[in-house]
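Asks: One letter stands for each residue in the lines below.
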Amino acid sequence: MRWPRILVGLVGLGSIVVGAVGMYRNVPQLLDLLIWLAAAVLAHEGLLVPAELLTGAILWRMSAGLPRPVGQVITGGVAVSAVLTLLAVPLMIRQPVEPNPSALPQNYGRNLALLLSITAIATVILAVIAWRREREPAGLLDRSPENRRNT
Amino acid sequence: MSQTATRSRLSPFRPGAFSSALHHPRTAVLIGRLLGVGVIVCFATGLYSHFLQNPEPWMVFPTRPTWLYRLSQGMHVATGIALIPLVLAKLWTVYPRLFSWPPVRSWAHGLERLSIALFVPAVLLQLFMGFLNTMKWYPWPFAFRTVHFWLSWIIIGSLLLHIAVKLPLISRHWRPNGEPPNLPHGWTRRGFLTTVAAATTAVTVTTVGQTVTPLGRAALLAPRRPGVGPQGFPVNRTAKQANVVMPTSWRLDLVGPMPRSITLAQLADLPQHEVELPIACVDGWSQVGRWGGVRIKDLLALTDAPPGVTVRVVSAETTGSYRVSHLGPEFAYDDLTLLALRLNGEVLHLDHGYPARVIAPARPGVLQTKWVKRLEVLP
Chain A
1 MRWPRILVGL VGLGSIVVGA VGMYRNVPQL LDLLIWLAAA VLAHEGLLVP
51 AELLTGAILW RMSAGLPRPV GQVITGGVAV SAVLTLLAVP LMIRQPVEPN
101 PSALPQNYGR NLALLLSITA IATVILAVIA WRREREPAGL LDRSPENRRN
151 T
Chain B
1 MSQTATRSRL SPFRPGAFSS ALHHPRTAVL IGRLLGVGVI VCFATGLYSH
51 FLQNPEPWMV FPTRPTWLYR LSQGMHVATG IALIPLVLAK LWTVYPRLFS
101 WPPVRSWAHG LERLSIALFV PAVLLQLFMG FLNTMKWYPW PFAFRTVHFW
151 LSWIIIGSLL LHIAVKLPLI SRHWRPNGEP PNLPHGWTRR GFLTTVAAAT
201 TAVTVTTVGQ TVTPLGRAAL LAPRRPGVGP QGFPVNRTAK QANVVMPTSW
251 RLDLVGPMPR SITLAQLADL PQHEVELPIA CVDGWSQVGR WGGVRIKDLL
301 ALTDAPPGVT VRVVSAETTG SYRVSHLGPE FAYDDLTLLA LRLNGEVLHL
351 DHGYPARVIA PARPGVLQTK WVKRLEVLP
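Those protein sequences? They're chains A and B, same order as listed. The end of the first sequence is residue 151 by the working numbering, with every number in the run present. The end of the second sequence is residue 379 by the working numbering, with every number in the run present.
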């Protein structure tokens with residue numbers, strides 16, 4: 001596996017060089033580009049991921065008394081809602097200033113509210129199903145951590 | 001380890017700072033495989049679109065199936081959008097490694113961190129720029145297409161380098177292989193992956209209808225909707241945006257061995273053809289229309305053009321990078337390539353290029369030049 005590995009690595013390094021040289025030759029605003037790249041990383045690693053970790057920690061702490069599958073459904077519902085919101089926000093910002101009537105033709109705020117409602121309803125339904133499944137007799141007889149492990 | 005043992009309980013550099021068993025190579029491999037496929041799809045479809053717009057002189061493009069570009073660019077944008085939750089999940093999984101200490105342990109580790117230092121910023125900016133481009137929003141001071149194109153080389157390169165460095169780890173965890181059991185609380189691996197799948201499905205279902213027309217009603221977060229626009233068809237750039245006004249007198253100039261200048265009435269007297277072809281925009285939306293008009297090759301015959309020529313199409317637009325397009329011989333002599341005068345049986349709306357626009361199979365919408373006023377036969 002040694003030589004294929006080195007070959008793939010070299011092709012990768014070659015593509016990086018192609019991209020870097022192409023960028024250097026064709027983009028006059030290199031400093032701006034570097035600032036945007038740095039901003040992308042800072043926004044993600046410095047804001048978004050800490051927010052994800054914090055939200056996750058809070059949600060899991062809040063659902064500590066609930067059966068684990070219920071906690072998973074709730075946390076999952078929040079994650080899906082967050083991703084949908086992430087997509088909708090730029091659409092909502094841009095829509096009012098778009099001069100072309102057939103571009104961004106929708107009311108994205110209303111659409112997002114609709115999607116979040118659907119997600120919330122689905123989350124509640126799945127949480128109730130998970131809750132009831134946990135309370136079935138088999139679950140009551142044996143509540144050992146091994147048996148409750150949901151994999 | 002005495003140094004790390006003294007770190008604050010809140011320090012991310014502390015061993016065990018991230019408790020979840022999901023920050024584990026098996027999760028990273030499961031998501032990474034999908035991510036790798038997605039990046040390759042975006043790269044390949046992106047190159048195809050790039051070369052259609054910036055062809056090398058020797059390049060010849062397929063014209064069938066007529067929906068080839070529609071499929072390719074639809075996949076480019078849909079995959080790019082699906083990559084958003086996947087990238088977020090993958091980077092969440094490996095986030096603790098950002099704080100690995102010491103920063104560089106060996107040559108291989110240094111290469112790995114280099115590949116990641118390139119991949120992460122590039123892929124984050126690429127997805128952000130790509131998504132904003134689908135809504136024609138350009139808040140950055142550099143050219144979108146240029147940066148998007150060259151970034152893709154850095155992304156594919158750093159991904160290959162990353163895979164090469166990590167190959168032993170990837171193959172060890174390709175199949176389940178002694179992962180630590182799930183902790184008694186928090187996510188299970190299955191729960192986490194199900195959530196990632198749900199988020200990816202959610203963003204896809206709410207956007208892909210801009211090109212998969214039957215799902216149009218579900219496209220609640222798509223920048224376009226099929227059927228919305230003049231004559232039930234979206235417009236990429238309106239006449240107003242292109243500074244084009246309704247022409248009072250219009251003639252089509254044919255520049256070739258026997259130059260001609262023909263009126264709209266003369267054009268209507270030439271043999272008319274109807275074709276069903278999609279407009280497939282680079283921004284990822286597409287819709288099929290029934291176009292009526294004159295074959296480009298019939299117009300070429302009027303000027304006594306020799307076979308196998310390239311045609312330069314010039315629009316009445318005065319500015320913009322898509323004022324001029326080129327039809328290579330494979331497109332110019334295709335029976336389906338028209339100078340269209342009608343859309344779905346009606347005279348073209350001004351926003352769709354009245355009085356005449358080009359429509360050809362398997363081409364990006366931006367090359368289906370509108371408001372055509374001159375066709376030049378190139379030697």
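Among these hints, one or two may not hold up.
Claimed, not checked - What follows is a list of derived Cβ distance ranges for each label pair:
| no. | chain 1 | residue 1 | chain 2 | residue 2 | range |
| --- | --- | --- | --- | --- | --- |
| 1 | A | Pro96 | B | Asp253 | 32 to 42 Å |
| 2 | A | Ala57 | B | Ala218 | 49 to 59 Å |
| 3 | A | Arg61 | B | Lys240 | 29 to 39 Å |
| 4 | B | Ala44 | A | Ile35 | 43 to 53 Å |
| 5 | A | Gly46 | B | Asp253 | 28 to 38 Å |
| 6 | A | Gly14 | B | Gln241 | 32 to 42 Å |
| 7 | B | Phe99 | A | Ile35 | 17 to 27 Å |
Worth flagging that the hints you see were computed from the coordinates, not collected in a lab. Ideal placement from N, C-alpha and C gives every residue a C-beta, glycine not left out.
Asks: Is the distance from the Cβ of Pro96(A) to the Cβ of Asp253(B) consistent with 32 to 42 Å?
Replies: 41 Å, holds
Asks: Do the beta carbons of Ala44(B) and Ile35(A) sit within 43 to 53 Å of each other?
Replies: Violated - the Cβ-Cβ distance for Ala44(B) and Ile35(A), about 30 Å, lies outside 43 to 53 Å.
Asks: Given the range 28 to 38 Å, decide if the beta-carbon distance of Gly46(A) to Asp253(B) lies inside it.
Replies: The hint (28 to 38 Å, Cβ to Cβ) is violated, given that Gly46(A) and Asp253(B) are roughly 58 Å apart.
Asks: Evaluate the given range 32 to 42 Å for the C-beta pair formed by Gly14(A) and Gln241(B).
Replies: Because 41 Å falls inside the window, the suggested range holds.
Asks: Cβ-Cβ distance between Ala57(A) and Ala218(B): within 49 to 59 Å?
Replies: Hint violated: Cβ distance 34 Å, outside 49 to 59 Å.
Asks: Regarding Arg61(A) and Lys240(B), is the given constraint of 29 to 39 Å on their beta-carbon distance met?
Replies: 55 Å, violated
Asks: Taking the CB of Phe99(B) and the CB of Ile35(A), does the distance hold inside 17 to 27 Å?
Replies: 24 Å, holds
Consistency with the previously given hints fails for numbers 2, 3, 4 and 5, ordered from lowest to highest.
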